[in-house]
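*Asks:* Residue strings, one per chain:
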Amino acid sequence: MTDQSTGKAIEFDRASVRFGQFQAVQPTDLRIEPGEFFSILGPSGCGKTTLLRLLSGFLDPTAGDVRIGGQSMVGIDPSIRPTALIFQNLALFPLMPIWENVAFGLEMRGWSRARRRDRAYELLATVALSDHAEKMPAQLSGGQKQRVAIARALAVEPSVLLLDEPLSALDLKLRQHMRAELKQIQARTGITFVYITHDQGEALTMSDRVAVMNRGRIMQVGSPDDIYDRPANAFVATFVGETNALAGKLASTAEGLALMETPLGGFRAANPKGLRAGDEAILFLRPEKLRLLAPGEATENHIPARVLRRDMEGAWSTLVVEAGGQELKLHLAHDGREAPPSGEIALGFSATEAMILPKGEMSDD
Amino acid sequence: MTKLFRAFGVPLSTVILMFSSIWILGLIAAPQLIMIEQSLWRMERPEGAAEISVQIDGLYNQLDVMALDRSTAEAGTDATKRAADLAALDAKEAAINAEIAALEESESTPVKVYTLANFGQMGAAHLAIFAKTIAASLAVSAIALVVCYPIAYAVAKLETPRTAAVIMLALVIPYAINELLRIFAWQMILNQNGPANLLLGLVGLDPVPFLESGTGVFVAMVYAYILFMVFPLYNVLETLDGNQVEAARDLGASTWNIHRRVVIPHARPGIAVGCIMTFMLSAGSYAVPYIMTRGTAAPWFTQLIYNRFFEATNWNVGAAYALSLLAVCTVFIFGMMRLLKVSLKDIAK
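In order, the protein sequences belong to chains E and X.
For reference, each letter of the first sequence is one residue, going 1 to 365 in UniProt numbering.
For reference, each letter of the second sequence is one residue, going 1 to 349 in UniProt numbering.
Isolated chain E, as found in the complex (with noise of 0.2 angstroms):
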C-alpha cells in the first residue's frame, strides 16, 4: 500500500463482447496507464459494466484481447487477478463481523487467524474504522460500509481497483466526501483505478481522464477539460453537461470557424473538426456561454428570444427562453438583487464558445 508504483497498466485490444445476437461492446482498442484514474462514464446499458467484467474476469472477450501490466488476462479466473472490484450494492459479506469482511480475502490466501485480524484492524485504521471492527455490516451507516468495502479490496493489494458505480447509493454530501476521499487513496497507493459511472459529475471531478461510452463503442477518451470543453461529437457534448443544440447546415467555412445557417438565423462557430460548405451539421452552445445582451450591445451571434421561466439553481438561475420555435437555456449568475429579466431579450454569444460538430446521435437526457 505504501510502494508508490504498484498499479498496472490496461490495455483492450480489439476487445469486444456479444451476447448471441447483441453486440455489447464493439472492438475496442484502450490503454489505462498504471496508477491512472480513470472513469468510464455513459448512459445505463452502454457496455460500460461489461467493460469492467472484462476486467475483473468474469467475462472474458468474444474476440480480441485484454491485458494487465502486459500479461493477457483472457481465461484467468477473477479469484487470481491482480484486480479488485468494488460492487455498487457493496457486497459486504452480512454474515461476517467487519474485520472478517476486510480479512476475507487474506483468509482466502491462507493467512493465520491472527495476522489477518492484525492487517484488517491496520486497513480499518486508515479509513478511520477501528471503532467498528466487531460490528457487523448491518450496524453500519452507508459512509461506512462504503469505506469497509474499500478496506477490503485494498487488503488484497490489487494493481488494480475497479469501481462499479460505488457512490450511487449515497446521499449527495456524503458522495462528495467519498469522492474526495477515493481520490485520495488513489494518490496514496498509486494504484490504477477504474471507476465506471452514469454521473459525470464523479467522472470529471475525480479522473485522471475519461471514457465516454455509448452503444457500446468508446466515443471519446481525454482528460475532463477535453471532454467538457472539446467534445468529439455530438454524443458527447450532449451527455456531459448541459448544452443548447442547433441543427443547420454550413453556409461558409473560414479559418476553423464557420457561418452556419439554423431555423433562429446564421451564426458564426469554432469548426474543430473542419466541416465544409452544404455539410448538415449541429451547433452547441453551452448555457453558460450564452449571454444575455444589454439593449443596443452589439454582438458576433445575436439571437432575440422571448423569456419562458426561470428556474433557480443556487448558485446560478436557468432561464428558459424561446426562440425561432426553440426552447434555449442559459446560466444566469445569482447575485439575490437584480429583478429577473422578462419579456422580449437578445442573447449573444461569440464564435469561440460555440461549436459545431457533425450531425450525429445525441443523448437524450
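Honestly, the hints are just simulated from the structure, not real lab data.
One or more of the hints may lead you astray.
Stated by the list, open to error - Simulated DEER-style distance windows between Cβ atoms:
{"id": "1", "chain 1": "X", "residue 1": "Y114", "chain 2": "E", "residue 2": "K135", "range": "25 to 35 angstroms"}
{"id": "2", "chain 1": "X", "residue 1": "T163", "chain 2": "E", "residue 2": "A138", "range": "29 to 39 angstroms"}
{"id": "3", "chain 1": "X", "residue 1": "G242", "chain 2": "E", "residue 2": "R14", "range": "21 to 31 angstroms"}
What the hints assert, rightly or not - Pairs of lysine to any residue residues, derived as SDA-like cross-links and limited to a Cα-Cα distance of at most 25 angstroms, are as follows:
{"id": "4", "chain 1": "E", "residue 1": "K135", "chain 2": "X", "residue 2": "P265"}
{"id": "5", "chain 1": "E", "residue 1": "K273", "chain 2": "E", "residue 2": "R230"}
{"id": "6", "chain 1": "X", "residue 1": "K157", "chain 2": "E", "residue 2": "I80"}
{"id": "7", "chain 1": "X", "residue 1": "K345", "chain 2": "E", "residue 2": "L140"}
{"id": "8", "chain 1": "E", "residue 1": "K329", "chain 2": "E", "residue 2": "E255"}
{"id": "9", "chain 1": "X", "residue 1": "K157", "chain 2": "E", "residue 2": "K135"}
{"id": "10", "chain 1": "E", "residue 1": "K135", "chain 2": "X", "residue 2": "N243"}
{"id": "11", "chain 1": "E", "residue 1": "K135", "chain 2": "X", "residue 2": "T239"}
{"id": "12", "chain 1": "E", "residue 1": "K273", "chain 2": "E", "residue 2": "R217"}
{"id": "13", "chain 1": "E", "residue 1": "K249", "chain 2": "E", "residue 2": "M362"}
Just so you know, even glycine gets a beta-carbon here, dropped at the ideal spot from N, CA and C.
Since the structure of chain E is already known, use the hints to place chain X on it.
*Replies:* Just chain X now, with coordinates in the frame of chain E:
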C-alpha cells in the same frame, strides 16, 4: 390485542381470534393432550382378581360340560330315569349359576391407574428399532441435503428465472401422484427382478436385495421427501445476492470456500427447515417402510406404534411409544436450530 382490534375492527378481530383459538386448540393442543393423557394411565385389577376370574372361567366350562350331559340324558329311553337325571342337572346348574353370580359379584371392575409404567414397556428389541429409526431418519435427511443442495443452488443461482421455473415445475409434477403409488413404483424398480437389478445384471453384477436389506427404504424415502428439502433450500438460496458470490471469488475464494464461507452460512435457515421436515417425515413415515420391506427387513418404529394400537390393542403403550418419538423429534428440531445458529424467527421466514 388492542392493536388487533384497532387494525381490523371488533367483528373481524373476533373472527380472527376465534379461528386462532380453534387452530391452537384443535390442531395443536387437543391431539397432543389426548395422546399424553392416553400414555399416562393403564387399567389395573385389584389383588386376587386373577384367581377369581380363573374360577369363573372354570365354572363356565363346567356349564358347557353339563350341556353335553343334558343332551345325553334327554336321549334316554326310560322316562322316569330321564326325569330324575334332568332334575339333578337342573339343580346342579342352578348351584353353579349361583356360584358364578356370587363370584362375579366379588370380581371388581378394572381400575384406571395413572402411571409412567407405559414408558418403561420398551424392551431391548424395540429400543434398538427406535434407535435404528432415528439413525436412519438422520441419514435420510443427510442424503437429501447432499442431493438437494447442488440442485437448489444450480437452479437458484445459475439458471435464468424462466428455466428455474420449468425445473421447479418438473420437480413438483411427480408429487401430484399419490405417495403410495410412487412408493409402489420404487418397490417395483428395486425388486429382485426389477429394472435396477436388470441394469446391474447387464454390467455383469449379481442382483442386490435392495428391498430385503433396507436400502430400498432409504431410496424411497429420499425420493418421497426430497421436495421438502429442495424448496426451503431453493427459497433461501434465491435470496442470496449474486454479487456476494462474485465478491468472494474476486477476493480469491475457491468454489469450496465460496460455499463454506458465503453460500452455506446464508442458506442456514433453509438447511434447518429442510432437515427438520425431512427428518420428521422420515421418522414418522409408515407407508414407505411398510411397502418397501413387506416385513423382510427390520421394521420402522412407526410400525411398532401401529402394532401397539391395532394388534396388541394396548393403546396406552402405543401412545407412550408415539410420545417418545415426538419427544425425540422435538429435541432434533431444537438441536438443529442450535447447531445452525438459527432462531425460530429465521425459520418462520
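*Asks:* Taking 25 angstroms as the top limit, are the C-alpha atoms of E/K135 and X/N243 close enough?
*Replies:* holds (21 angstroms)
*Asks:* Given the hint that E/K135 pairs with X/T239, does the C-alpha gap stay at or below 25 angstroms?
*Replies:* holds (23 angstroms)
*Asks:* Just to be sure I understand the hint, the distance between the Cβ atoms of X/G242 and E/R14 should be within 21 to 31 angstroms; is that true here?
*Replies:* holds (30 angstroms)
*Asks:* X/K345 and E/L140 were given as a pair; does the straight-line alpha-carbon distance stay at or below 25 angstroms?
*Replies:* holds (23 angstroms)
*Asks:* Within 25 angstroms, alpha carbon to alpha carbon, are X/K157 and E/I80?
*Replies:* It holds: about 22 angstroms lies between the C-alpha atoms, which stays within 25 angstroms.
*Asks:* Quick one, are X/K157 and E/K135 close enough, alpha carbons at most 25 angstroms?
*Replies:* The hint is violated at about 29 angstroms.
*Asks:* Decide if the proposed pair is consistent with the structure: E/K273 and E/R230, CA atoms, cutoff 25 angstroms inclusive.
*Replies:* Holds: E/K273 and E/R230 sit about 11 angstroms apart, inside 25 angstroms.
*Asks:* Would the hint linking E/K135 and X/P265 be met if the CA-CA limit is 25 angstroms?
*Replies:* OK: E/K135 and X/P265 at ~17 angstroms, within 25 angstroms.
*Asks:* Within 25 to 35 angstroms or not, the Cβ separation of X/Y114 and E/K135?
*Replies:* violated (55 angstroms)
*Asks:* Taking only the CA atoms, is the gap from E/K329 to E/E255 under or equal to 25 angstroms?
*Replies:* Violated - the C-alpha atoms of E/E255 and E/K329 are around 29 angstroms apart, more than 25 angstroms.
*Asks:* When you check the alpha-carbon spacing of E/K249 and E/M362, does it fall within 25 angstroms?
*Replies:* Cα-Cα ~17 angstroms, so holds.
*Asks:* Looking only at beta-carbon atoms, does the pair X/T163, E/A138 fall within the given range of 29 to 39 angstroms?
*Replies:* holds (32 angstroms)
In this structure, the hints that do not hold are numbers 1, 8 and 9, in rising order.
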